[in-house]
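Engineer: The primary structure of each chain is shown beneath.
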Amino acid sequence: MHEFSVTQQIVQTVLEEAKKHDAKRVTSVHLIIGKLTFLGIDQIKFSYRLLVKGTIMEHSKLLIEHMEPTVNCASCGYEGPAKYMNDPSFHFSIPTLTCPKCSAQVTIKLGRECTIKNIGIVTNGEDGSAPPNDKGG
Amino acid sequence: MRKVIKSEEGESLDIELGADLLRENERIAEENKKFLKEHGVIAIDVMGSVGSGKTTLIEKLVQRLKGKYKLAALDGDLNTTIDADLIGRHGVESIQINTGKECHLDANLVRKALKEMDLDDIDLIFIENVGNLICPSDFALGSSKRIVVISVTEGPYMVLKHPLTFARADLVVINKIDLAGAMGVDPLEKDAKKVKPEVKVVKTCLKAGKGVDEVIKALDLPSLLK
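Going down the list, the sequences are from chains Z and X. In terms of my numbering, the first sequence opens at residue 193 and continues consecutively. In terms of my numbering, the second sequence opens at residue 59 and continues consecutively.
Heads up, some of the hints might be wrong.
As the list claims (entries may be wrong) - Chain Z is faced by these chain X residues, among others (derived, beta-carbon under 7 Å): (1) LEU71; (2) ASP72; (3) GLU74; (4) ASN83; (5) ILE86; (6) LEU123; (7) ALA171; (8) GLU174; (9) MET175; (10) ASP176; (11) MET241; (12) ASP244; (13) LYS254; (14) GLY267.
Claimed, not checked - Here are the in silico distance ranges between beta carbons for each label pair: (15) Z/LYS301 / X/THR157: 17 to 23 Å; (16) Z/GLU257 / X/LYS170: 16 to 22 Å; (17) X/GLU96 / Z/ALA296: 51 to 57 Å; (18) Z/PHE238 / X/LYS170: 42 to 48 Å; (19) X/ASN166 / Z/LYS216: 32 to 38 Å.
Calculated directly from the structure, the hints in this document are not laboratory data. For glycine and all other residues, C-beta sits at the position ideal for the given N, C-alpha and C.
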């Protein structure tokens, strides 16, 4: 759902950041996508390849970390993976907000992100001129 | 002489960003909520599939509550003013938000609409989202509570099929119980509570006005409006 527009935002944000650092090209982009968002990884990868064409991101490596949910329980202090409802006959495994330890309702700490963690770039020189040892004088 | 470090041509850099793109909508939603609070207003947003009963729910709530609170409604749809007109005929300010092609409301659209309202003359705003059980879920609007409406005619597996949506609900309204028949309503209620133990569930036949008082009780408006 909405992967194309989210990926547009990702590409725009990376290009803006790369420009700030005077990048010649972007070599890598590391994303963290929470499993509790509606964002599909395959669709993001597909949209990314379309959107970076003709930009300095064109040959960049896209690394996507699919973040598992981490929940917090105020009742018993549990912090860790969410509890899942599993039904093999229906082929589902559904995350719930039930504490795996005490069954109270938990809050979500991780798993709802769409974060650009970091990017790798190759820069131009400070002012685009030849390196110091080529200068006359 | 000051030392200067310059990046050399062809130098590789690793830049930490940590930019969470879904945060932007969350940020605007939080601003909306704060803005409403400054004017003594709360908002309740209503999500659900097309035809589940969102507009009817808001109509019934408006009819019951307009004597007690100053009400208004924001209605989201791709186009037309049909739903805003339906609610507006009960004598409350009702603004339509037409999203064009977007399948959900977002905090920015709600912010635009709030600027058109005299909030000092309002206690409670109902926000009806676009008919869609999936996309609106990821976009907070600035409301104090979220109602998710499902109707039994959508079948017994709606909660299992949309757990992320039900994880965001404060109140689940199971509507059209008169049509439940052999399916019953209990499976939906049980699944909603498995996904989110503290969620409130109210069963309704909104067409006949059944369950509306229970919805009002479940919303606990006095605690929100104090």
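Engineer: Hint by hint, note whether the structure agrees.
Structural biologist: For each hint, the structure was consulted:
| no. | hint | in the structure |
| --- | --- | --- |
| 1 | LEU71 | holds, 5 Å |
| 2 | ASP72 | holds, 5 Å |
| 3 | GLU74 | holds, 5 Å |
| 4 | ASN83 | violated, 10 Å |
| 5 | ILE86 | violated, 14 Å |
| 6 | LEU123 | violated, 28 Å |
| 7 | ALA171 | violated, 21 Å |
| 8 | GLU174 | violated, 26 Å |
| 9 | MET175 | violated, 28 Å |
| 10 | ASP176 | violated, 33 Å |
| 11 | MET241 | violated, 16 Å |
| 12 | ASP244 | violated, 16 Å |
| 13 | LYS254 | holds, 5 Å |
| 14 | GLY267 | violated, 31 Å |
| 15 | Z/LYS301 / X/THR157: 17 to 23 Å | violated, 32 Å |
| 16 | Z/GLU257 / X/LYS170: 16 to 22 Å | violated, 35 Å |
| 17 | X/GLU96 / Z/ALA296: 51 to 57 Å | violated, 33 Å |
| 18 | Z/PHE238 / X/LYS170: 42 to 48 Å | violated, 32 Å |
| 19 | X/ASN166 / Z/LYS216: 32 to 38 Å | holds, 35 Å |
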